[in-house]
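Asker: Let the sequences and hints guide you as you build the complete structure.
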Amino acid sequence: MTQASTPPSRRDQILQALALMLEEDSGKRITIAALARQVGVSEAALYRHFPSKARMYEGLISFIEETLFERINRILDDHQEALTRCQCIMTLVLAFAEKNPGLSRLLGGDVLTGETARLRQRIHQLFERLETQFKQILREAELREGRRPAIPASAGANLLTVQVEGRIAQYVRSDYRHRPTEHWEDQWAALSSQLLRDAPVTA
740 MTQASTPPSR RDQILQALAL MLEEDSGKRI TIAALARQVG VSEAALYRHF PSKARMYEGL
800 ISFIEETLFE RINRILDDHQ EALTRCQCIM TLVLAFAEKN PGLSRLLGGD VLTGETARLR
860 QRIHQLFERL ETQFKQILRE AELREGRRPA IPASAGANLL TVQVEGRIAQ YVRSDYRHRP
920 TEHWEDQWAA LSSQLLRDAP VTA
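Numbering-wise (the numbering used here), the sequence shown opens with residue 740 and increments by one.
Just so you know, the hints here were simulated from the structure itself, not pulled from any lab data.
As the structure is a computational prediction, the values presented were derived from the model and not from experiment.
Think of the CB as a built atom: it goes at the ideal place given N, C-alpha and C, for glycine as much as any other residue.
Hints are not guaranteed to be accurate.
[Said to hold, decoys possible] Have a look at the derived ranges for each label pair, beta carbon to beta carbon:
#: 1; residue 1: SER748; residue 2: GLY885; range: 42 to 52 Å
#: 2; residue 1: ASN897; residue 2: HIS917; range: 16 to 26 Å
#: 3; residue 1: ALA928; residue 2: ASN897; range: 19 to 29 Å
#: 4; residue 1: ILE890; residue 2: ALA834; range: 22 to 32 Å
#: 5; residue 1: ASP816; residue 2: ARG859; range: 43 to 53 Å
#: 6; residue 1: GLY779; residue 2: HIS917; range: 25 to 35 Å
#: 7; residue 1: HIS863; residue 2: THR920; range: 17 to 27 Å
#: 8; residue 1: GLY779; residue 2: ARG936; range: 53 to 63 Å
#: 9; residue 1: ALA793; residue 2: THR920; range: 28 to 38 Å
#: 10; residue 1: ALA894; residue 2: PHE808; range: 30 to 40 Å
#: 11; residue 1: ILE771; residue 2: ASP816; range: 36 to 46 Å
#: 12; residue 1: TYR786; residue 2: PRO747; range: 12 to 22 Å
Answerer: Below is the structure:
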């Protein structure tokens, strides 16, 4: 998870171990005892860094949020065309989930069943934030490019978000056999062709 050249801190080691267990133990409930064995420390040592398993999950969710939205901001800086922006953002999220199978289980929400509602709300808010970004891009298309959403911007943004969520859910459900980026280029071509239309010219 960490991209720095320096060795990861104990806190990061714990989060990396949790992400690996989520990937390898698909469908199994993660226990503190098992996580401590994975890291090679005592349970007490884990609790010195995280007071609960929920806080560990929150640490992973924060990593997902920071990574994705930092890169989304770069996409918005680098690209001005609405369809290109949407495509790059969707490809980013799908490729991130594909590269991090354990984290895709968090994004899919299945691993949070039985956990505190606060964690599920964090994931819900992440996708709401993504949908809001799509909505803003589609609404700005007319001002920037003279193109209007073929359906209301809110409906179009929801359609794009559901595409992302559905692909991640399929990835998790298939035990990582159906990659989120599989067939994506062809399907994006079909989807994007119906997303915007030229605004009518007024006299």
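Asker: Next step is simple, just say for each hint if it's right about the structure.
Answerer: Going down the list of hints, with the structure as the test:
{"no.": "1", "hint": "SER748 to GLY885: 42 to 52 Å", "result": "50 Å, holds"}
{"no.": "2", "hint": "ASN897 to HIS917: 16 to 26 Å", "result": "23 Å, holds"}
{"no.": "3", "hint": "ALA928 to ASN897: 19 to 29 Å", "result": "20 Å, holds"}
{"no.": "4", "hint": "ILE890 to ALA834: 22 to 32 Å", "result": "26 Å, holds"}
{"no.": "5", "hint": "ASP816 to ARG859: 43 to 53 Å", "result": "32 Å, violated"}
{"no.": "6", "hint": "GLY779 to HIS917: 25 to 35 Å", "result": "34 Å, holds"}
{"no.": "7", "hint": "HIS863 to THR920: 17 to 27 Å", "result": "24 Å, holds"}
{"no.": "8", "hint": "GLY779 to ARG936: 53 to 63 Å", "result": "58 Å, holds"}
{"no.": "9", "hint": "ALA793 to THR920: 28 to 38 Å", "result": "31 Å, holds"}
{"no.": "10", "hint": "ALA894 to PHE808: 30 to 40 Å", "result": "23 Å, violated"}
{"no.": "11", "hint": "ILE771 to ASP816: 36 to 46 Å", "result": "41 Å, holds"}
{"no.": "12", "hint": "TYR786 to PRO747: 12 to 22 Å", "result": "19 Å, holds"}
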